[in-house]
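Q: Chain order of the listed sequences is A and B.
Going by my numbering, the first sequence opens with residue 1, and the numbers climb by one from there.
Going by my numbering, the second sequence opens with residue 408, and the numbers climb by one from there.
Keep in mind that the hints were calculated from the coordinates and are not lab data.
Every residue gets a Cβ at the ideal spot worked out from N, C-alpha and C, and that includes glycine.
Be aware that a few hints might be false.
[Unchecked claim] Here are the in silico distance ranges between beta carbons for each label pair: (1) A:I298 with B:G444: 53 to 61 Å; (2) B:R553 with A:M3: 25 to 33 Å; (3) A:I298 with B:S587: 49 to 57 Å; (4) B:D634 with A:V306: 44 to 52 Å; (5) B:D634 with A:A382: 57 to 65 Å; (6) B:H550 with A:G363: 57 to 65 Å; (7) A:R20 with B:G428: 38 to 46 Å; (8) A:M3 with B:G444: 37 to 45 Å; (9) B:A483 with A:R20: 24 to 32 Å.
[Claimed, not checked] Simulated crosslink set (DMTMM-like; lysine to aspartate or glutamate; CA at most 25 Å straight-line): (10) A:K405 with B:E530; (11) A:K394 with B:D427; (12) A:K397 with B:D488; (13) A:K397 with B:D427.
[Stated by the list, open to error] Quick look at which bits of chain A chain B covers, simulated, 3 or more residues with Cβ under 8 Å: (14) 317-326; (15) 393-407.
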Amino acid sequence: MTMLQGFQIALHALRLNPLRSILTMLGIVIGVASIVTVFAIGSGAQLRLQEQIRSIGANVLMINPGAVYQGGVRLKDGSKLTMTESDVQAILEQIPEIQAAAGSIAGTAQVIHESKNWNTTINGTTTGHFMVRDWQLATGRYFSGSEEAGAGKVVILGSTVAHELFAPGEDPIGAQIRIMKVPLEVVGILDRKGPAQDDVAFVPLTTAKLRFLGSASNINRDSVAYIIAKVAADGQMAGARTEIENLLRQRHRIPAGQEDDFKVQDPAAAMEAQQGAIRTVALLLVAIASVSLLVGGISIMNVMIVSVTERTREIGIRRALGGRMRDIRLQFLCEALVLCLLGGAIGVGAGVTLSMTVARMAGWITSIDGQAIGLALAFSIATGLIFGFYPAHKASKLSPIEALKTE
Amino acid sequence: MTAPQPLISLQSVSRTYRADGVAVTAVRNVSFDIERGEIVAVMGPSGSGKSTLMNMIGLLDLPSEGALYLEGADVADLSEDHRSSLRARSIGFVFQSYNLLARHNAIENVALPLVYCGISRKERLARAEQSLESVGMVHRAHHFPRQLSGGEQQRVAIARALIASPLIVLADEPTGALDSRTGAEILALFAALNRTGQTIVMITHDPGIATQCRRTIRLHDGALVADETLAPIPPERSAAP
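In isolation and in its complexed conformation, chain B is listed as follows (with noise of 0.2 Å):
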């Protein structure tokens, strides 16, 4: 038996884009893993290319220079519609500005990335209900995004990354558009969700957020500047009263 692959791993990673005949490096020489069950906070001030890492694992995007593994796999070896495949059954996105398409009601935004693992209408909004249940908003199921508060748009958009059990949710500022309660609620959400096992990257310039996850990767102009991981909490701790 091998040894267990990290679920991402980034090694030498670089992003240069072409703008109007200039080279700009977004991301440079980025290396780290990412393990399964993890939640990391990946930090930085604007500009500093959080957003086009968080592009690259999503599989969005790749990278100019070095190689990006999910599960083992290199993603550039991948064809354009195998990613797209794998953005619909491993990869959750929630966004700043929630992303939830305007025409559709709740359940139909939950059960889209099904659409596109080619699962049949009734399962797709079964399990969308399901998916609204875990992040407690199936009361709203048939509300328009516009009938919704931002909170409650986030959450569905949460439910939607969840919908197809992801490998990875994808979080770009969550709580950026949120008050400070509501984003409150956010954070507790995911959370939550990591404690069930589920392997969550934030993107956040919120040190406050960021000391809630476990680890912190802070970016500086597009290179890693700090890998912090908290010391595991003991056991002790969450079991006292």
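If we strip away everything but chain A, and leave its shape as in the complex, we get (with noise of 0.2 Å):
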């Protein structure tokens, strides 16, 4: 008898009773459903930290401010811009680590092109923004060296401003674009980054201090919101830091035994160990899940043992006829593999659908890979060939001149 047979009379073995055959399937269906809506919500929340670590770059430390005394009293840290342009200056050029570093100071607004508007992030900073951040362009040319030191009337979109702004197919380079009442010509267009990254408007430093972010009370001529600083190799990371602590501490002429007034961060480490955390948690869910997989595993088991006992004179009839033991092994052992194959394809049904559900309505993002699916197949295939044996073999084992004697 061959695999093809074995599948056959299992086939038909299984339609003869639907209800059972389902009710059989049922642990399987769970646990393979769950296992791909855990594994698709997991790696959705992996790609998307992916995404912004990818979106941040490589070796990348930011420099925000910190808490600062004010007459005794802490003050919530960022409350007070505590870098400045100069500090930028220093770090580039004292520290022999860091290739490239910029300031930024940035808040928010309208931007305006004839009919079109759109809000959003309005960034001052310098060239050195996107060299810390690898950041191509599409199109245009970034801001020259007397647009930023003339406060240059000039605008570097991100994509998504661009695509809010400018019809498909009309070229933004050259077109004049408003913000807050002040007319700027677009002169770059910015690579896509990923949603979150693209819904920007860059302007050199000056400009935007000049014209439009820099008339707030806290902001002093020269300082700026946050640094950016790209480290030339990995290895550098922690020395870089370290460096970049006691200079700044230094400027900022901060005694020994005080809190520094900034902080220094490496992003994208925060967010690996975050991405860690979520895989644990995944991995959680997964086995979880895989418990149920256990159950409709023992379940299977269960009424296959009682078919056997209900079909032992038919497994007389069919060694009598010459079936071997082998045959009578791989019959049920087909049997159960079927029910499984057949539950872990309907599982990999429901939670597809599932998963797709929950990106639909909480909005997460999910990804189903191919992998996942495979390997929830594959679980599946495991779970028949394990607790379908036992039965098989037992089934394999009855004396066939005993099994014809029972009714």
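Combine the two chains into a complex, taking the hints into account.
A: Right, here's the structure in full:
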């Protein structure tokens, strides 16, 4: 008897008792569906984080303002802009590991082009910002030196903003847009970096200070909201960080024992840690889902044992008519396998549907990959083999003479 | 050229079972040969070892002592798998209770032994149809056993026994569950098969049936007590009007 014949016999037997077959499969269906769903949600969350990590750029340190004391009162982080453009200059010049650095100030504003307008982040910075983040242009150019020095009326758009303000096929380069009544010329459009990153408009730092964001009372002429800096190599991150800390403490004249008025962070490392946490939680959930697969396997074993007992006479007849022990074993193993495979296939379908529903309803990113589906199916085949073997073996060991005597 | 071997040869065959620590001898020291083309009745009261003898001839069981030869080969030397294959190809079983698979229709039941001979479904069904035709049941090919009468079920079972062109058909009280008229029809079918050269061994406890077989083996308490062969029928008699 061949495998194919085994499957034919199995399908025939299972069709005779559809309700029982479906109930038997249910455990596997639920187990596989939950594994697929958990995988989809887990890898969706990881994808999102990976995108954020990529968008920051590799080997990037971020320096934010820290807590400051004003007359003995400790103000919250960032309530005062403690860093200045000359800090940026100093970091660039005095720390050899730093390849590029840029200070930024940011705010939100309405950008207008002809009849279209869009609310977005306005980031005042220098060309160094794009170097730090490895952010290439899709078209156009970065800011020129004279534009950066002289508060040039130019703007570089993120791809989302360009998409919102310009019709498809329209060339934005050279077009005039307005931000807070100031007309600016579009000189560049950036590459896509991810939905959260592309919704931004960059202007030279000087332009932002003089024309849009400079009026706030806590900004002195020289200050910046945050600094990003690129370290040359992976292994130099820790060293560069310490050097920046020392340099800034010295420049900000912070006495020993007093808290820094800035914070140096490694955002990619923080996110990677977060990613590790997500992975752990996802693995835990998969482990829980696997338990239901186990329960499904036990239910298949139970039904198969009952089925072997019920069909003892059939087994006797098949043995008398020339079925070998291995043919009987194959027949019952095929039944268990078909139950698990069908259950697995239905489970994959249910899992894909469920995770797509979750994605739509809760707005989570889910990602269904072939690997997870393959893994779930492999699990269900393994379940069929493991839990189907004992009943099948039992069936094959029956004495044909005794089996023919049973009613 | 060697002398032709008997189809089946039993030499001092005994079969002892051990039940709850007590040895029970179901068949003791039985010897006889079955030649090709014979039709043999095995008679004896219940418990006389007929079924045990039948199980051994049908390769479902092995002698505890002595030897059973099928076409000159000692069946004790064959592996379990080999004996199973021989059951599929060389032995046709007919049971008192028909033993058709209730969830399969007549033609699938008839084709079943061929599944274990590695024959394709298409050929299996074609041969099953021929076999059903030979027992006059082709019009019931797609009926399920429960839709058939006892006699019809037994005909389907005979078609199943014949499908692989076996060396020997073993029938265990084939008319035991049938009324006398249907039983006579089944016996006539066996007689007709025997005329085509089919070797048949039939268990029965009905002396009337036994007299229709050319040879009768009588068992009592597991021992062979008589092996009688009728004189050959003179050819004039069968040709007479």
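Q: If a hint holds in the structure, say so; if it doesn't, say that too.
A: How the hints compare with the structure:
{"no.": "1", "hint": "A:I298 with B:G444: 53 to 61 Å", "verdict": "holds, 56 Å"}
{"no.": "2", "hint": "B:R553 with A:M3: 25 to 33 Å", "verdict": "holds, 31 Å"}
{"no.": "3", "hint": "A:I298 with B:S587: 49 to 57 Å", "verdict": "holds, 53 Å"}
{"no.": "4", "hint": "B:D634 with A:V306: 44 to 52 Å", "verdict": "holds, 47 Å"}
{"no.": "5", "hint": "B:D634 with A:A382: 57 to 65 Å", "verdict": "holds, 59 Å"}
{"no.": "6", "hint": "B:H550 with A:G363: 57 to 65 Å", "verdict": "holds, 60 Å"}
{"no.": "7", "hint": "A:R20 with B:G428: 38 to 46 Å", "verdict": "holds, 41 Å"}
{"no.": "8", "hint": "A:M3 with B:G444: 37 to 45 Å", "verdict": "holds, 40 Å"}
{"no.": "9", "hint": "B:A483 with A:R20: 24 to 32 Å", "verdict": "violated, 42 Å"}
{"no.": "10", "hint": "A:K405 with B:E530", "verdict": "violated, 32 Å"}
{"no.": "11", "hint": "A:K394 with B:D427", "verdict": "holds, 22 Å"}
{"no.": "12", "hint": "A:K397 with B:D488", "verdict": "holds, 13 Å"}
{"no.": "13", "hint": "A:K397 with B:D427", "verdict": "holds, 21 Å"}
{"no.": "14", "hint": "317-326", "verdict": "holds (count 10)"}
{"no.": "15", "hint": "393-407", "verdict": "holds (count 3)"}
Checked against the numbered hints given earlier, the structure breaks hints 9, 10 and satisfies all the rest.
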